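Place chain B on chain A using the hints.
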Amino acid sequence: DAGVIQSPRHEVTEMGQEVTLRCKPISGHNSLFWYRQTMMRGLELLIYFNNNVPIDDSGMPEDRFSAKMPNASFSTLKIQPSEPRDSAVYFCASSPQGRSTDTQYFGPGTRLTVL
Amino acid sequence: KNEVEQSPQNLTAQEGEFITINCSYSVGISALHWLQQHPGGGIVSLFMLSSGKKKHGRLIATINIQEKHSSLHITASHPRDSAVYICAVSGGSQGNLIFGKGTKLSVKP
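Protein chains in written order, with the numbering used here: chain A, 1 to 115; chain B, 116 to 224.
None of these hints come from the bench; they were simulated from the model.
A few of these clues could be false.
Unchecked claim - Covered stretches of chain B, going by a simulated chain A footprint (3 or more residues, C-beta under 8 Å):
(1) 154-165
(2) 189-202
What the hints assert, rightly or not - Pair by pair, the computed Cβ-Cβ distance ranges are:
(3) A:83 - B:224: 41 to 51 Å
(4) A:7 - B:153: 18 to 28 Å
(5) A:18 - B:137: 40 to 50 Å
(6) A:18 - B:133: 42 to 52 Å
(7) A:62 - B:123: 46 to 56 Å
Here the structure is a predicted model, which is why all the values come from computation and not from measurement.
Just so it is clear, CB atoms sit at the ideal spot from N, CA and C, and this is done for glycine as well.
With the rest of the complex left out, here is chain A (with noise of 0.2 Å):
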């Protein structure tokens, strides 16, 4: 398996515009998670489906951000506008049931800079 896929790797764009991150969960899991992590914050949960349902987005900063899964294998997080406090890396991770009990699979991140 590919494990899970995520682009673009880097993206770097200017205050204002819309951003658009992308995720291609591991085959056969139920469960997306996206997360971000900053050098202030550490990793924290932005949101998390599971069966292409929003379970929780209590993590979502603001309205800028958005979150779809439109089927088991697509996810996209969305900004706009964004905002230069808004770089930092975002990871896509998937789990089989996503139980508490269920090993995460990460994917690469995408490093976000907004000038």
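Showing chain B alone in chain A's frame:
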């Protein structure tokens, strides 16, 4: 106060040394996960614990539920063990993780 605390934040060791990284948490959990983040940024899961002890190669992870504490041990450390080790907990039946800030380990040859 963070819900998941790790110590130390940074650790430098000589090759061959025995290493211990600690994790304490303040919330009720269903499972505790140890993750490794490579210098290139990739994150891999090392262990998932809900009780007792697990061993994989030179890595050993233990958890004490009553004391809300877990340790990750590395025996006969090697420079390739240099990475950031992250403790994370999950509560209830849901899989979303709460992370510690990580321990940056550097093993010198």
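TODO: If any of the earlier hints don't hold here, list their numbers in rising order.
DONE: 2, 7
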